[in-house]
Amino acid sequence: KNEVEQSPQNLTAQEGEFITINCSYSVGISALHWLQQHPGGGIVSLFMLSSGKKKHGRLIATINIQEKHSSLHITASHPRDSAVYICAVAGNQFYFGTGTSLTVIP
Amino acid sequence: EAQVTQNPRYLITVTGKKLTVTCSQNMNHEYMSWYRQDPGLGLRQIYYSMNVEVTDKGDVPEGYKVSRKEKRNFPLILESPSPNQTSLYFCASSFGANVLTFGAGSRLTVL
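From first to last, the protein sequence lines stand for chains S and E.
Numbers 1 to 106, taken from our numbering, label the letters of the first sequence in order.
Numbers 1 to 111, taken from our numbering, label the letters of the second sequence in order.
Treat the hints loosely; a few may be bogus.
Listed next, the stretches of chain E that the computed footprint assigns to chain S, with coverage defined by at least 3 CB atoms under 8 Å from CB atoms of chain S [to be verified]:
1. 29 to 41
2. 94 to 100
3. 103 to 111
Quick list of simulated restraints, FRET-style, between CB atoms [as the list claims (entries may be wrong)]:
4. S:Thr-75 with E:Ser-80: 47 to 53 Å
5. S:Gly-41 with E:Leu-11: 15 to 21 Å
6. S:Arg-80 with E:Glu-1: 19 to 25 Å
7. E:Asn-51 with S:Glu-3: 19 to 25 Å
8. E:Asp-56 with S:Thr-20: 31 to 37 Å
9. S:Gly-28 with E:Asp-59: 15 to 21 Å
10. E:Met-27 with S:Ile-65: 24 to 30 Å
11. E:Glu-62 with S:Glu-3: 17 to 23 Å
12. S:Lys-53 with E:Ile-77: 38 to 44 Å
13. E:Gly-16 with S:Asn-64: 47 to 53 Å
14. S:Gly-42 with E:Ser-82: 24 to 30 Å
15. S:Ser-101 with E:Asn-84: 46 to 52 Å
16. E:Glu-62 with S:Gly-16: 44 to 50 Å
17. E:Glu-79 with S:Ile-60: 23 to 29 Å
Note that these hints are calculated values from the structure, not bench results.
We put the beta carbon where it would ideally sit given N, CA and C, even for glycine.
Make the full structure from the sequences, and use the hints.
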């Protein structure tokens with residue numbers, strides 16, 4: 001059973017497009033993290049959310065606690081945004097989605 | 001600099017030869033954990049530790065051991081590695097639910 005589901009699994013976009021990645025979870029959580037992993041690279045935390053919305057540059061993350069759903073949006077996408085994006089939720093332990101592989105084509 | 005340090009970053013070994021992957025954090029975090037990452041399967045938790053001398057199994061603990069004798073260190077031990085343990089391993093530490101920091105990863109190949 002998957003406590004965290006992400007969609008889509010793979011995403012290809014043209015440079016400049018608006019991108020949305022979705023995350024749904026089934027457990028009670030105290031926080032949700034969006035993580036980024038570049039090819040061959042480590043994993044870095046982009047956002048930690050417990051409610052509402054956060055913005056960092058071209059990235060926006062939202063969470064709806066009642067619906068157990070979060071979205072990561074990238075505005076004006078760029079090839080350097082190409083990476084795997086992972087949703088992680090903090091319940092009694094951390095649970096991870098399988099990731100969304102994003103490729104942005106110039 | 002706040003960080004999680006894993007060593008080695010790359011390792012090729014043979015079946016049955018015991019190895020240890022070290023993990024150290026300098027943030028005084030209580031929670032530490034180990035994950036393996038395989039294509040199409042995402043991050044799967046091997047073991048985690050809520051504090052010194054407190055460890056618990058994750059989703060895929062078979063073939064692994066851990067210890068937490070000090071707050072900063074959480075080594076992962078493969079007593080008798082097998083080829084199905086070839087993977088990319090990540091150590092992470094966290095402060096409650098709010099801060100989650102990963103090491104750079106250790107790529108292990110078992111021949």
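> For which of the previously enumerated hints does the structure constitute a violation, in increasing order of number?
Replying inline: Of the numbered hints, 15, 17 do not hold.
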